[in-house]
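Here the protein sequences line up with chains A, B and C, keeping their order. Note that this note's numbering numbers the first sequence so that position 68 is 68, with each residue one more than the last. In this note's numbering, each residue carries its 1-based index in the second sequence increased by 1000. In this note's numbering, each residue carries its 1-based index in the third sequence increased by 2000.
Worth flagging that the hints you see were computed from the coordinates, not collected in a lab. Here the structure is a predicted model, which is why all the values come from computation and not from measurement. Take these hints with a grain of salt, some might be off.
[Unchecked claim] List of simulated lysine-lysine pairs, DSSO-like, C-alpha gap at most 30 Å:
#1 C:Lys-2026 / B:Lys-1383
#2 C:Lys-2026 / A:Lys-101
#3 B:Lys-1415 / B:Lys-1577
[Claimed, not checked] Which stretches of chain B does chain A cover? Using the computed rule of at least three CB atoms under 8 Å from a CB of chain A, they are:
#4 1358-1371
#5 1377-1387
#6 1512-1524
In this text, a Cβ means the ideal position worked out from N, Cα and C, and glycines have one as well.
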Amino acid sequence: MMLRLPIGLALVLAATVLLGSENLVQFSDESLRIRYQALITELRCPKCQNQNLADSNSPISQDLREEVQRMLEQQMTDVEIKYHLTSRYSEFILYRPDVNKTTYLLWGSPVVILLIGLIVALRLNRRNTVQVVSSGKTQIDNESRLAELLESGEDEK
Amino acid sequence: MTVELGHAALIMALCLAIIQAVVPMIGSFSGHTSWMRLGHSMAVGQFVFVALSFACLATAFVQDDFSVAYVANNSNTLLPLHFKLSAVWGAHEGSLLLWSLILSGWSTAVALCSGKLPLVLSARVLSVLGAISVGFALFLLFTSNPFDRVLPIPPLEGSDLNPLLQDFGLIVHPPMLYMGYVGFSVPFAFAIAALIGGQFDSAWARWSRPWINVAWVFLTIGISLGSWWAYYELGWGGWWFWDPVENASFMPWLAGTALMHSISASEKRGVFRSWTLLLAILTFSLSLLGTFLVRSGVLTSVHAFASDPERGIFILAFLGIVVGGSLLLFALRGPTMRSVTTYSGWSRETMLLINNVLLVSSMAMILIGTLYPLLADVLGMGKISVGPPYFNFFFVPLMSGLMVCLGFAGFTRWKNTEGRALLKKGVLPSIISLVLALVLPIFMMDKLTWSNYSLTAVITLLLVLWVVTMSLEDLWLKSRGKLSSLSSLSGSYWGMLIAHIGLAVCALGVGLSTAYDAQKDLRMVPGDTTELGGYQFQFVDVKRIEGPNFIAYRGNVEVRSGGEFVVSLSPEKRNYKSGGQVMTEADIDGQLHRDLYVSLGEPLGDQAWAIRFQVKPFVRCIWLGSLLIGLGGLLAAFDKRYRRRRLQKSVNSSSEGLAFE
Amino acid sequence: MNRIALFLPLALFVVLTVVLLLGLDKDPTELPSALVGEPFPVFSLPALHDANQILDEQDLLGDVVLVNIWATWCFACRIEHAMLNQLEEQGVKVIGLNYKDNREAAIDWLKKRGDPYTFSIFDERGRLGIDLGVYGAPETYLLDAGGTIRHRRVGVVDDRVWNNEFRDLYAQLMDEKR
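Please model the complete structure; the sequences and the hints are all you need to start from.
Structure below.
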């Protein structure tokens, strides 16, 4: 990796190591940090006005961030961590609500609405397709009617 | 004295609004021309009185008249003058007065620009607008009077404006947003007038179109200003939180966008009329619903107003009358006549319909997600939260689908477009986009590994390039490759093109800033350096400084790239004197291709500070794109066609140059 | 389009309005406890007055008790304190959970304002607080004699709250114990 970097940059990088500036939250394994970030952005601060744990600076958020960090270091899985917290703070703290019988409507309805919309749109289209074929005359009538309508609109100006 | 004058002016405006609501409507049925004309002068008069009332409140702020409760709660002698003025709409009562002012402003605009309209129609439109004004004036006077006095002993000093609001954002964001929200009352009034009169012809659609476009432009700009404000002011670098208040502004935007597209089909081809009417009602209803959600306290939000259930009841009753009444009218009088006009295949009508399905589904999804916690609570299913993971899960695919369709926008013809011809036009752009989308992310990697190759970036680029190349191909074909013929293309066409490219630019910002966002939270003492996203940040020091109404710690961070000095950033931690609130003021170096975002956290002892560094590639494109979208809407709104008196002979012009009218 | 279909938006709107109307009575900031009906969490923490004395959940058994989360940095706790003193005089057993506080300051506070607590648990790091799902002081839990949490109040307990939420349940639990 160093080979691809300009020498100046490499020197600065080396200096960084020497001068410190440590991470606020320390992990024994850096891969935990990615999971930590993901978790604290999906968990809601229980006391604040709609903020996640990552963005909130309230004391309870700081405590819960520490708690998440502690659980990650204990090799708990994301599911276990979420369960641990919901059993204390209720489902409220999950920004991504679980799929269960209270949330079927929540997760299902957007899909249903989209499907109904697409079906209606396609049916309208098909119906009209047939009309194009069957009634060329209607179409011409309609165009002249439309022109008339517009004309009358213009006259009223 | 000024305060009493303001209060009296507001009552006077209410009286005029009542006349405006009642008299022209009766006149439109009885045929009294003079009665119908009365609405126009009442609208102008109402505007004058609301403006006077507004000016009185502003005067109270400038003169630090803390005997007025609203001033005492939201201002302070130390507050700089420009913030005193914007504090007028900094909280519930004043912002509602701004609503009223803007509503009467739009009514006046309708009154002054309605010369071309049939008198019956303009009288009814103004009557509906008058009725809405009555509702808001009553709301102000009975539940939220900004002129209430603190008696008998007024405080010597005000309790100050919320520090979050002491910002340029407050000066521009609410007025723009309200111009959009309230602007949709005009197409709403047109729709109601049409339902009353039973006339939904192309002329009607043509008259409402410019109003829709202008309101939509304001809403677009208002929302993006809000997002930009939250980005730099809240201090943690997010630009959209799917917060109920943000959703409340975004839903009317989505419905309004659907309306803008469907009404073009209603105007040009006479199709989707009941749908267009419904959208016009829906868009304004969502604006009102937003007002309810923001001010009633039923949902928690980062940007909520002080809430009050009593106000909630009032707005809900108002919402019930306005929206319930208009939907009832729609159900009873909406056009049941099946549009006889025909279209088929991949015609423009079909594409607009798909566009509407996607936009309205997104809107419905956001509505469900926003209200679901409330529903769950009401049904006793416990408290749940619905946040960004839910909204993104649905919104991203829906918008991706929209962008795929959007590529074809310019190529489609009214009535019928052959699918095969469309596909043919898409061949070259899809090849170009695919190749570039696969190759470009390689240049964003600092080392060549698969884990650094971002799939998010590939998909983003694919969609963005698809929209851009398709738009450019269309432009090329329409101008036949000659610069001189560009000027013959209509304003509507340019508007469409620029707005669509704007959406692509915005999507580019969203996608790439998500894919390549880099962040570090560090503990640093002066002299420490760190490396992030190819930049070296050195924490120089922290100084104590004194602002007009706050004391702050100002950090100094020097940024270098490859040894070259780039910029010096000064994030602050402010402590406001009056309320003791602590504010994090991030410092940002913004460039088109990346933002450097540094915010100062807590002091950690031994001269050490917590500091958050963020590098956000292309994040600025989000707002640049939104501005382009707005610009597109503006170009379309001021298309010569809407002002031309000459009759356009070819209603059904699908000739190349004038295709998207 | 069918006339009936045109009524659909109106019907949806009516449903929405009913939900919003009912929603006006709800407080969105109030969190339900996930622990009501559950046993008090396991803990092992020092007493406030004696760092060497270790308390655990067994110490809460055998009596109907109120567990009150308090701290000297908590402004609302000052308001609540008189009420707790009064309850203690009435014979209610109140146990304190001193939450994320300074030991000396907390002992000093009790000296000045009176000590309504049978004993106070000293939770310096707030770990027991997290296990309880505490998100701010003051909070008050009502436990039955078997150590099960029966009610939780977030915020100040005053006369009104006591009469509305606690009194009857407390009397019932006392009866159960007998």
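To see whether the hints hold, each was checked on the structure:
Between Lys-2026 (chain C) and Lys-1383 (chain B) the alpha-carbon distance is near 11 Å, which keeps this suggested pair within the 30 Å criterion. Restraint check for Lys-2026 (chain C) and Lys-101 (chain A): satisfied, since their Cα atoms lie roughly 22 Å apart, inside the 30 Å limit. Only pairs whose Cα atoms come within 30 Å are accepted, and Lys-1415 (chain B) paired with Lys-1577 (chain B) is rejected, the gap being roughly 66 Å. Counting residues of the region 1358-1371 of chain B whose beta carbon lies closer than 8 Å to any beta carbon of chain A gives 7, which meets the minimum of three for the stated coverage.
A stretch counts as covered by a chain when three or more of its residues have a beta carbon under 8 Å from one of that chain; for the region 1377-1387 of chain B and chain A the count is 7, and the coverage holds. Given a C-beta distance limit of less than 8 Å, the hint that chain A covers the region 1512-1524 of chain B holds, as 6 residues qualify and 3 suffice.
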